[in-house]
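Asker: Can you make the complete structure from the sequences, with help from the hints?
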Amino acid sequence: DAGVTQSPTHLIKTRGQQVTLRCSPKSGHDTVSWYQQALGQGPQFIFQYYEEEERQRGNFPDRFSGHQFPNYSSELNVNALLLGDSALYLCASSGSGGIQETQYFGPGTRLLVL
Amino acid sequence: EDQVTQSPEALRLQEGESSSLNCSYTVSGLRGLFWYRQDPGKGPEFLFTLYSAGEEKEKERLKATLTKKESFLHITAPKPEDSATYLCAVFNQAGTALIFGKGTTLSVSS
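First to last, the protein sequences are chains V and W. In the working numbering, each residue's number is its place in the first sequence (first place is 1) plus 5. In the working numbering, each residue's number is its place in the second sequence (first place is 1) plus 198.
In case anyone wonders, no lab produced these hints; they're calculated from the structure. These numbers come from a predicted model, not from an experiment. Careful: at least some of the hints might be erroneous.
Unchecked claim - With a Cα cut of at most 25 Å, we get these calculated BS3-like pairs of lysine-lysine:
# : chain 1 : residue 1 : chain 2 : residue 2
1 : W       : K240      : V       : K31
2 : V       : K18       : W       : K267
3 : V       : K31       : W       : K257
4 : W       : K277      : W       : K267
5 : V       : K31       : W       : K255
Stated by the list, open to error - Simulated restraints, written as ranges between beta carbons of each label pair:
# : chain 1 : residue 1 : chain 2 : residue 2 : range
6 : W       : S217      : V       : H72       : 41 to 47 Å
7 : W       : T224      : V       : R62       : 19 to 25 Å
8 : W       : S305      : V       : T19       : 34 to 40 Å
9 : W       : F244      : V       : D67       : 28 to 34 Å
Note that CB positions come from ideal geometry on N, CA and C, so glycine has one too.
Answerer: Structure representation (structure tokens):
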């Protein structure tokens, strides 16, 4: 049973560029959440997608946007990259609509902005 | 404001030296407290979910307990392979977003 997968594993961008990160949820899961983890910090919630819509959003600017596809996979887009966007981006999936359900994390995408 | 605080930030143990990690939380109505293990550069790996005070769960050398204000992760006779960062998290009021502490980095030497 494949777990949560993310691509790419690493990415280097320059300030002002745009980036797209991808996530495939664990088999049977229908909800995807995205988190940003800076070095030495715990993950910070960006947003959650369910039924192809953004259900809840954390304290992140509009430069961060996402999408969920009919097969439940998801993308995270970040526009106008800043140096401070350098972090590990984590995708987590959960089942049964995602409310109060255990979230299982993927390996993450390491983004470096120069 | 919902908040999670973990202590200590770092813990060094000798192999076989048991200890505990602390997670204190402030949330309006607990909807689940989670422990994850994270190895460097990797995603968090789910360990336990606790829902109510008095609940305990065990897995190998790890045991998680929960009170109304805090949770403990007890590590019995740790081995070097237990070295990792242990993260504690609670759900927000909507039950959608996990609120994490900064983690405790555990190093076990042989």
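Asker: Now look at each hint and say whether the structure bears it out.
Answerer: Hints versus structure:
no.	hint	in the structure
1	W:K240 with V:K31	holds (17 Å)
2	V:K18 with W:K267	violated (42 Å)
3	V:K31 with W:K257	holds (22 Å)
4	W:K277 with W:K267	violated (29 Å)
5	V:K31 with W:K255	holds (24 Å)
6	W:S217 with V:H72: 41 to 47 Å	holds (44 Å)
7	W:T224 with V:R62: 19 to 25 Å	holds (22 Å)
8	W:S305 with V:T19: 34 to 40 Å	holds (36 Å)
9	W:F244 with V:D67: 28 to 34 Å	holds (31 Å)
Violated hints for the displayed structure, listed by number in ascending order: 2, 4.
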